[in-house]
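So the sequence lines, in the order shown, correspond to chains A and B.
Going by the working numbering, the residue at position 113 of the first sequence is 113; the numbering climbs one at a time, nothing skipped.
With the second sequence counted from 1, adding 428 to any position gets you the working numbering.
None of these hints come from the bench; they were simulated from the model.
No residue lacks a Cβ here, since even glycine has one placed at the ideal position from N, Cα and C.
Among the hints, erroneous ones may be present.
Claimed, not checked - Below, in silico cross-link-like pairs of lysine-lysine (BS3-like), each with a Cα-Cα straight-line distance of 27 Å or less:
1) B:Lys578 / A:Lys208
2) A:Lys165 / A:Lys208
3) B:Lys439 / B:Lys659
4) A:Lys218 / B:Lys578
5) A:Lys165 / B:Lys578
To be verified - Among chain A residues calculated to face chain B with C-beta under 8 Å, some are:
6) Asn67
7) Glu70
8) Gly89
9) Pro108
10) Thr111
11) Ser202
12) Ala239
13) Tyr243
14) Glu246
15) Asn247
16) Glu329
17) Leu394
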Amino acid sequence: MKFTKLASFALAAVIGASPVLADLEFPSISYRTGPFGANGAEVADGWADYMTLLNERDGGVGGVRINAVECETGFNAEKTVECYEATKGDGALVYAPLSTAATYQLIPRVTADGIPLHSMGYGRTSVANGDVFSQVFNFPANYWNAASVIVNHLLDINDGSLEGKTIALAYHNSAFGKEPIPTLEALGEMHGFDLTLLPIDSPGQEQKSQWLQIRREKPDYVVIWGWGVMNQVAIQEAANIRYPMENFIGVWWSGSDNDVIPSGMSSDGYKAVTFHAVGTDFPVFDDIQKYVTDAGLSAGTGANVGTILYNRGLYQAALLTESVRVAQEMHGVADITAAMMRDGMENLVINDEVMGAIGLAGFGPSFEVSCENHGGPGLGAIQQWDATAQSWSLITEFSGSDMSVIQPLIDADSSAYAAENNIESQCN
Amino acid sequence: MLYREAGDFKKSYAEDSQTFPLKLDRYGYYAILAIAFLVVPFVINDYWASAVLIPFLIWSIAALGLNILTGYCGQLSLGTGGFMAVGAYAAYKLMTSFPDLNIMIIVLLSGAITAGVGVLFGLPSLRIKGFYLAVATLAAQFFLVWLFNKFEWFYNYSASGQISAPTREMFGFEVTGATASASSKYLFCLVLVVLMAWIARNLTRGRIGRSWMAIRDMDIAAEIIGVNPLKAKLTAFAVSSFFVGVAGSLIFTVYLGAVDVGDTFGIQKSFLVLFMIIIGGLGSILGSFIGAAFLVLMPVLLKNIMVGFLGWPSDIASHLELVIIGFLIMLTLILEPHGVAQLWRVTKQKLRLWPFPH
Numbered sequence: 001m002k003f004t005k006l007a008s009f010a011l012a013a014v015i016g017a018s019p020v021l022a023d024l025e026f027p028s029i030s031y032r033t034g035p036f037g038a039n040g041a042e043v044a045d046g047w048a049d050y051m052t053l054l055n056e057r058d059g060g061v062g063g064v065r066i067n068a069v070e071c072e073t074g075f076n077a078e079k080t081v082e083c084y085e086a087t088k089g090d091g092a093l094v095y096a097p098l099s100t101a102a103t104y105q106l107i108p109r110v111t112a113d114g115i116p117l118h119s120m121g122y123g124r125t126s127v128a129n130g131d132v133f134s135q136v137f138n139f140p141a142n143y144w145n146a147a148s149v150i151v152n153h154l155l156d157i158n159d160g161s162l163e164g165k166t167i168a169l170a171y172h173n174s175a176f177g178k179e180p181i182p183t184l185e186a187l188g189e190m191h192g193f194d195l196t197l198l199p200i201d202s203p204g205q206e207q208k209s210q211w212l213q214i215r216r217e218k219p220d221y222v223v224i225w226g227w228g229v230m231n232q233v234a235i236q237e238a239a240n241i242r243y244p245m246e247n248f249i250g251v252w253w254s255g256s257d258n259d260v261i262p263s264g265m266s267s268d269g270y271k272a273v274t275f276h277a278v279g280t281d282f283p284v285f286d287d288i289q290k291y292v293t294d295a296g297l298s299a300g301t302g303a304n305v306g307t308i309l310y311n312r313g314l315y316q317a318a319l320l321t322e323s324v325r326v327a328q329e330m331h332g333v334a335d336i337t338a339a340m341m342r343d344g345m346e347n348l349v350i351n352d353e354v355m356g357a358i359g360l361a362g363f364g365p366s367f368e369v370s371c372e373n374h375g376g377p378g379l380g381a382i383q384q385w386d387a388t389a390q391s392w393s394l395i396t397e398f399s400g401s402d403m404s405v406i407q408p409l410i411d412a413d414s415s416a417y418a419a420e421n422n423i424e425s426q427c428n
Numbered sequence: 429m430l431y432r433e434a435g436d437f438k439k440s441y442a443e444d445s446q447t448f449p450l451k452l453d454r455y456g457y458y459a460i461l462a463i464a465f466l467v468v469p470f471v472i473n474d475y476w477a478s479a480v481l482i483p484f485l486i487w488s489i490a491a492l493g494l495n496i497l498t499g500y501c502g503q504l505s506l507g508t509g510g511f512m513a514v515g516a517y518a519a520y521k522l523m524t525s526f527p528d529l530n531i532m533i534i535v536l537l538s539g540a541i542t543a544g545v546g547v548l549f550g551l552p553s554l555r556i557k558g559f560y561l562a563v564a565t566l567a568a569q570f571f572l573v574w575l576f577n578k579f580e581w582f583y584n585y586s587a588s589g590q591i592s593a594p595t596r597e598m599f600g601f602e603v604t605g606a607t608a609s610a611s612s613k614y615l616f617c618l619v620l621v622v623l624m625a626w627i628a629r630n631l632t633r634g635r636i637g638r639s640w641m642a643i644r645d646m647d648i649a650a651e652i653i654g655v656n657p658l659k660a661k662l663t664a665f666a667v668s669s670f671f672v673g674v675a676g677s678l679i680f681t682v683y684l685g686a687v688d689v690g691d692t693f694g695i696q697k698s699f700l701v702l703f704m705i706i707i708g709g710l711g712s713i714l715g716s717f718i719g720a721a722f723l724v725l726m727p728v729l730l731k732n733i734m735v736g737f738l739g740w741p742s743d744i745a746s747h748l749e750l751v752i753i754g755f756l757i758m759l760t761l762i763l764e765p766h767g768v769a770q771l772w773r774v775t776k777q778k779l780r781l782w783p784f785p786h
């Protein structure tokens, strides 16, 4: 009985307490458990470590400390909703749920609540049209850019022609995996390649039949749109049927260290697309070592520093805290609100000077966000895994995607959403 | 002394066979209803609605549905998640095809469509029993999820394969969509829960319910005394699927607003509902509510204690949550194999005699 009483007091205290401290609330909707936990933890670590670094080194952003509370979802829609409702009342500035399905769920909610959402490299691609999606951003790149960058890379290595080639898309059978299909179909029509669709059910541990089909049909290239355990299994299966790794290309969520290490030497040569740099050759990592790791403030185990997904979490944290800076300058207040944060994100300018100042020179491309374009430039590069050196390296320059194909798709999808939900143009 | 039937006289058969024959029980029930309808809507906020009360109410409907099939009629089903998906997709197709249709009608119609699908998948139950039937319904689960992923017509050819609920109103209040208020969503679900529980209670103590229980207890004996197994089993599948379909359509329209079929209505949801009725109590209306509360509210409570109050890291809390809930499930089933509802019955029995047990 005592325990129940204590518990109900606790619950009442938790729900009743509303923090009055001047903090920048950055709820981290993360998942460190479940079939996608290994990957989710790396992103969450990168995000948390960067926030800790800013707090420890600079005392936050513009003198206001960051409060990055984690909320565990286990990649689960119901728990994401619970996390969202639990944190939005605390003055959350921005959400980044790291799940396409959750992003779809949150888009109408954040739009109603006036809180920005940043789905970096995932989520609903057509939110790039800021004219319709006022609260949602997906700079600097989205899935359709990824699909196009992959096809461009294949064009490059085939002397500019994919006529008569076959490409198989092995995808997570969910909103996330289905997202690139329209783009790849359009590109297939344009460049004359055949697209084979191979859906793999979540979480993706079972994909023998799909790889049997690949073995039988021998597509020239396999593109994978996977996450978490699905990637590891896919790379192992590809190795089992001796599929040439250099013809196997993943989206950026299928190109982390977790994905290639389990298959050992046989994953050598596996490629993936990325929208930011790899490795720890940036000044910010010295500061992370000094202020975070050495001080014993690392998130998680602290062993993930410098992995691909850690870098991605860090990159997102950097872009968002830079948006805070922009918002603080625009509105002249340090303790900004979600509406100001939105303005900051919409007027974000990332160039060499900004990136250099935070110790990330050359980490990602320069871009500007505008009211119409919430999607950034959509640049991507191809990285390749070297199993001997146990490291990723970029094998191409950052290059653009085929916007002549993507833009009409974005316009069509976003205008359909606008019509469904009676959204008026917000930019003019 | 406090809880007793002495002095509680009944003057008619109707009074004698009412759901709550004891005054204390009856007043307790009225009090709960009064609080739920008259107090909660005024104090509810978004967190309590979206994270606590709405999921509890909706999962209660699903547990009631499965309890009719498994608890009352003895047909083990692992297809609950799939049938919920039918409810959700039926609601989506109805909402987008008939924008002017009232949301209450849509929810009930999608329940009816699910009932039809349930009867179809219930047909094998006439031939196979027990674990074999569980496997047959498991096939329904996987088939239905595959179906909604495979055919684009079900999700109106959207690029992502997700369905999202447009805004709909009831008496001028929005009940679906992101701008709907917490209290209107809550009240909408509450009305349905009370209605469904009332239907379930009255069905299970009537002629149909008795035929279900006869089939459950011994199907050959039931046949000999004149219960038609075809009718009994198929009505159980139909009614159960109707409840489950309503729950599925509510999850989609009111609770989540957007659904990805593999994630929201996967096999784990079938097990979740099955665990609810096993823990709550098979063949008990109250048990369905207790089971839903146990498996929906307990994780939220534990999370709030461990992360919010004690300040533990969220991943450790999430792992511990599984451990604690697993432990509590085992403890409940060892101490009371017939579920928490039986515990409640035993408590009431003892209270009648207290403080003079002899």
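Quick one: which hint numbers does this structure break? Sort them smallest to largest.
Hint check: 3, 6, 12, 13, 14, 15, 16 and 17 fail, others pass.
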